[in-house]
Amino acid sequence: MAQPKNIAILGASGYTGAELVRLIATHPMMDIVALSGERKAGMEMRDVFPHLRHLDLPSLVKIEDIDFTDVDLCFCALPHATSQAVIKELPKDMKVVDLSADFRLRDPEVYAKWYGGQHDALDIQAEAVYGLTEFYRDDIKNARVVAGTGCNAATGQYALRPLIAGGVIDLDDIIIDLKTGVSGAGRSLKEPFLHAELSEGAHPYAIGGTHRHLAEFDQEFSAIAGREVKVQFTPNLLPANRGIIANVYVKGDAQTIYDTLVAAYADEPFIEMLPFGTAPSTRHVRGSNYCHIGVTGDRIAGRAIVIAALDNLTKGSSGQAMQNANLMLGLPEEMGLQLAPLFP
1 MAQPKNIAIL GASGYTGAEL VRLIATHPMM DIVALSGERK AGMEMRDVFP HLRHLDLPSL
61 VKIEDIDFTD VDLCFCALPH ATSQAVIKEL PKDMKVVDLS ADFRLRDPEV YAKWYGGQHD
121 ALDIQAEAVY GLTEFYRDDI KNARVVAGTG CNAATGQYAL RPLIAGGVID LDDIIIDLKT
181 GVSGAGRSLK EPFLHAELSE GAHPYAIGGT HRHLAEFDQE FSAIAGREVK VQFTPNLLPA
241 NRGIIANVYV KGDAQTIYDT LVAAYADEPF IEMLPFGTAP STRHVRGSNY CHIGVTGDRI
301 AGRAIVIAAL DNLTKGSSGQ AMQNANLMLG LPEEMGLQLA PLFP
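Per the UniProt record's numbering, the very first residue in the sequence shown carries number 1; after that it's consecutive.
Derived from the structure by calculation, the hints contain no laboratory data. All clues given are correct.
List time: in silico DSS-like cross-link candidates among lysine-lysine, alpha-carbon distance up to 25 Å:
no.: 1; residue 1: K190; residue 2: K62
no.: 2; residue 1: K62; residue 2: K92
no.: 3; residue 1: K113; residue 2: K88
no.: 4; residue 1: K141; residue 2: K95
no.: 5; residue 1: K95; residue 2: K62
no.: 6; residue 1: K88; residue 2: K40
no.: 7; residue 1: K141; residue 2: K88
no.: 8; residue 1: K113; residue 2: K230
no.: 9; residue 1: K40; residue 2: K190
no.: 10; residue 1: K230; residue 2: K251
no.: 11; residue 1: K92; residue 2: K141
no.: 12; residue 1: K62; residue 2: K88
no.: 13; residue 1: K62; residue 2: K40
Start from the sequences and build out the full structure, keeping to the hints where you can.
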């Protein structure tokens, strides 16, 4: 029997790092051999995340104290800018899945515009493969570095990519109204995310086209269409821990839109098309690597609503990362990821 692959997780003390640990815990071909957590170095994962106390895990250490000699693949769950500085110092023959924004954008000038600084690892940026698994699967299999998508960006793309490619919607009239759980903002203490500040309300943010994930929409949708495509996108923060749901408003025939999506995702193990006229819910994908998509016609002729829901920490980030890692390591893509959603 083949030996399990040795895995390191950098930034394991954050939400996406903990989610990776949770998923890898039941993966038959991955062993966690190193965990980093700069501010919590020296601590045990059971003390940082008590829900993982049943697992036999390495202690958290600083990145410079990790021996990468026998590591087959490294997940990098660090903040943007920090991630590129760390990855360029890692062994050049080691496979890396980056969960930050550092390698998602192909144009260095676009990165500088949206992230406020020059990219410091352009050689790695040039080789990195965009990590939306269902659409870059063949490239990911042979990649050394894979750049995980933004969770909001992934949700919108699952709803729209086949429709843009199929030419079945008006490319100049696309609206994405998205709601997301607070874990997408990370684990650092921030006043707007305190319970008393966040609960019992919904909070639009990055209004008017300032959200950084718009750069991914611009890049990917324009590449598919062969011309510039710009969408209207407004994210809303919900008083919920997990989940993203995007209501996507488009011009086109609803049945044709539905049929196009059904055909595109017919063989995808983690994309579930709901019956026509049925809307998904974040509660039905919670804790899973599944994305549910529904299509409904509008009372205004020639318009439709496409609704996509996924778990931002799993399919939107750590689950997607593990799906990509499976491909990079020559393992079955679904391995370790077929956990049913948590309900209720």
